[in-house]
Amino acid sequence: MAKFLSLADAVRQNLHTGDTVAFEGFTHLIPHAAAHEAIRQGIADLTLLRMTPDIVYDQMIGMGLAKKVIFSYAGNPGVGLLRRMRDAIENGYPRAIETVEHSHSAMAQAYEAGASGLPLAVFRGYKGAGLPAVNPDIRTVTCPFTGEELAAVPAHRPDVTFIHAQKASAKGDVLVEGIVGVQKEAALAAKRVVVTVEEVVPDFKGLHPNLCILPHWTIDAIAVVPGGAHPSYAHGYYVRDNAAYLDWDGISADRDAFAAWMKANVLEVGPEVFASRVEGLK
Amino acid sequence: MSDFTPNEMMTIAAARALKNDDVCFVGIGAPSAACNVARLTHAPDITLIYESGTIGTRPDVLPLSIGDGELCETALTTVAVPEMFRYWLMGGRISIGFLGAAQLDRFGNINTTVIGDYKNPKVRLPGGGGAPEIASSCGEVFITLKQAPRAMVERIDFFTSFGHGEGGDHRQRLGITTKGPTLLITDLAIWRPDPETKEFTVRSLHRGVTRDRVEATCGWKVRFADALDETPEPTDLELTTLRELQARTKAAHEGGGRS
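Protein sequences, first through last, are from chains A and B. The first sequence lines up with residues 1 to 282 when you count with our numbering. The second sequence lines up with residues 1001 to 1259 when you count with our numbering.
Hints in this document: simulated from the structure, not taken from any laboratory. All values reported here derive from a predicted model rather than from experimental measurement. From the three backbone atoms N, C-alpha and C, an ideal C-beta is built for every residue, glycine too. Do not rely on the hints blindly, as some may be mistaken.
[Said to hold, decoys possible] Lysine-lysine pairs mimicking DSSO-like chemistry, simulated, CA-CA at most 30 Å apart:
#1 A:Lys282 with A:Lys67
#2 A:Lys171 with A:Lys3
#3 A:Lys3 with A:Lys282
#4 B:Lys1119 with B:Lys1146
#5 B:Lys1250 with B:Lys1146
#6 B:Lys1119 with A:Lys67
#7 A:Lys171 with A:Lys205
#8 A:Lys282 with A:Lys205
#9 B:Lys1179 with A:Lys67
#10 B:Lys1146 with B:Lys1122
#11 B:Lys1221 with B:Lys1146
#12 A:Lys282 with B:Lys1250
#13 B:Lys1119 with A:Lys68
#14 B:Lys1122 with A:Lys68
#15 B:Lys1221 with B:Lys1250
[Said to hold, decoys possible] If we take Cβ atoms under 8 Å as the criterion, some of the chain A residues that face chain B in the derived model are:
#16 Gly75
#17 Glu90
#18 Glu112
#19 Gly125
#20 Lys127
#21 Arg139
#22 Gly178
#23 Val182
#24 Tyr233
#25 His235
#26 Asn242
#27 Tyr245
Required output: the full structure, derived from the provided sequences and hints.
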C-alpha cells in the first residue's frame, strides 16, 4: 500500500545494501532524483538492472555503488559511450564490475515475465548473435507444439524498482504518460516499488480509461519530487535537457572532474534542487 | 546542386532507398536522418518506428535519443517497449530495419559491442540494444556507415547482430527466414550483396569517388560490379531538406531541448 514519504525515507526504507535494483525509464521519466538519493545514502554492492543504463548508472558506477550491471544498451543516447562505466569495465575503477548483457527484446520480455510471475521469457531472438556465447543466462527451449527452437532468458525479479511518473492521486494511484517504456513491467516484477512523481492531484476522475496506471496497492512508497527526472524529461511538464547529456560526455571523461561534479551537484544538495533545474525547460 | 559533402550524399542515397509504404525501424544517428529526409521528400507516408515505442512518428527535428519527447508527440501511437519488441518487431510487421555500425564485415555482420576481447575489451562500446532482433526480424536490413579501414574490417570483434554470417545460405541454415542486409550505403558508394555469396559488392560510386578511394577506406578486398553506376547527385530539394532538418536539430539540441 502506497505511503507518501520524503525521498530520503522512501529510499532508506526500501533500498538496502546488496539489493538488485532497477531504476527504469526508457529515455523518458528516468528517476534521477531517486538515484541521487541512493548515492547520497551510499547504498552499495548493488546489482543494477536496466535496459539502457545511461548517465544515471554512469554516476552510480562512478561512485562505486555497483557490483554488477545487467543491461542491453550502455550508452549516452545520441552522444556516445558511458565513460565511468567504461572505466569500471576496462580499468576496474573505482571498482571492477560484473556485466550481464542482453538485447532490448530479451530485457523487456524478462521484465514482462517477472510481472507475470513466470520463471522465464521465451521469444524468437539472438539468432546468430554473439551474446549467447558470453552470457550463460541466454539459453534455448524447444516449442512443444512446433519443434521450433526459441531463446529463453530468466525473468527479472528485482528487490526494488524505482520509477518516476507524472502524477499520483491522493490515494496513491500513479499515472504514467508518453513514452511508457518498460516501467509498468519493471514495477510489477519487483518485490518493492518506489515512485517519485511531479505532483499529487486529488483523484484521476475524467481521465481516458486506457491510461497507464499503477494502482496504489502495487506501490510501496511515493515521494513528490518536481523535476525529479532531470535531465531526462516528464511529458507534459518539461522537455529533455539534451544539452546536459552533451555536457556529461566531458564531465565523465575525467575522474577528478566527475568527482567534483558529483560533490557539487549530488552529494551537497537535496532533491529540492530538481525543481529549479527544469524551470527553463517548460 | 553542385556542392555537397560525402556525408550528405550518404544520407540522401540512404533516404532514396526507402519507399512510401515502408514500415521502418529506425536506428539513431545517420539512419534517423536518412529516414526523415525520405519522409520529408518522396515518402511522406512512410511509417517510422523508434524502439522507444513510437509508431508513425513525424519529428520536426531529429531526436538526440531514441526516446525524445518529439517522437511521442508526433507519433500516431506510442506503445510499451515489451509490446514494441513482441507484437511489432517479432510479429513480423516491420519491412525495413535501418542500422548503423561501429564495425562491419563484408557479409553485413555488425559489431557495436566491444573492440578487442569481450572479457577484456580495448574499448567497451554501448552494445546492441534492439539490433540483434532487428537484424533477424525485419523483412530486410539497410546499413549505413562512413567508410574507414577500422570500421569496415575483415573480421568483426563481436557478432552484435547477424547479417549473412559466413555468406551463402548461412541465414537459412540458422532458421532465419528474413532477407537480412540487402543494402549498404556509405559516404563513397552503394553496395548490394552478391545474390549467391552474399558478399557486399560495390554497385554505384558517388560523384567524384574513385575505386582506389573505396579500396583505401575498406579493410577487406573490395569487389566491384562489372557495370558500375554513378549515384545521381543530390537534388536541390533533397539537399535543402537535409540541411534545414540539421539546422533545426542543432538549434533545438544546443538550446537544452528548447525548441
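Between lysine 1221 of chain B and lysine 1146 of chain B, is the straight-line Cα distance small enough, at 30 Å or below?
holds, 17 Å
Could you check if histidine 235 of chain A really has its C-beta closer than 8 Å to a C-beta on chain B?
Cβ of histidine 235 of chain A sits 6 Å from chain B, so the hint holds.
Compare the distance between the alpha carbons of lysine 1221 of chain B and lysine 1250 of chain B with 30 Å, and conclude whether the hinted pair is satisfied.
violated, 38 Å
Mind checking the alpha carbons of lysine 1146 of chain B and lysine 1122 of chain B for me, to see if they're no more than 30 Å apart?
With Cα atoms ~21 Å apart, lysine 1146 of chain B and lysine 1122 of chain B stay inside 30 Å; holds.
Does valine 182 of chain A hold up as a contact with chain B if the rule is Cβ-Cβ below 8 Å?
holds, 5 Å
Do the alpha carbons of lysine 3 of chain A and lysine 282 of chain A lie within 30 Å of each other, as the hint requires?
holds, 29 Å
Tell me if the straight-line CA distance from lysine 282 of chain A to lysine 67 of chain A falls inside 30 Å.
Answer violated: lysine 282 of chain A to lysine 67 of chain A is near 37 Å, above 30 Å.
Given hint glycine 75 of chain A near chain B, where the shortest CB pair must fall under 8 Å
holds, 3 Å
Is the straight-line distance between the alpha-carbon of lysine 171 of chain A and that of lysine 205 of chain A 30 Å or less?
holds, 12 Å
Is it true that the CA of lysine 1119 of chain B sits at most 30 Å from the CA of lysine 67 of chain A?
holds, 16 Å
When the least beta-carbon distance from asparagine 242 of chain A to chain B is tested against 8 Å, hint result:
With a minimum Cβ separation of about 4 Å from chain B (threshold 8 Å), the hint on asparagine 242 of chain A holds.
Does lysine 205 of chain A lie within 30 Å of lysine 282 of chain A when you go C-alpha to C-alpha?
holds, 25 Å
When each numbered hint is compared with the structure, violations occur for hints 1, 9, 15 and 21.
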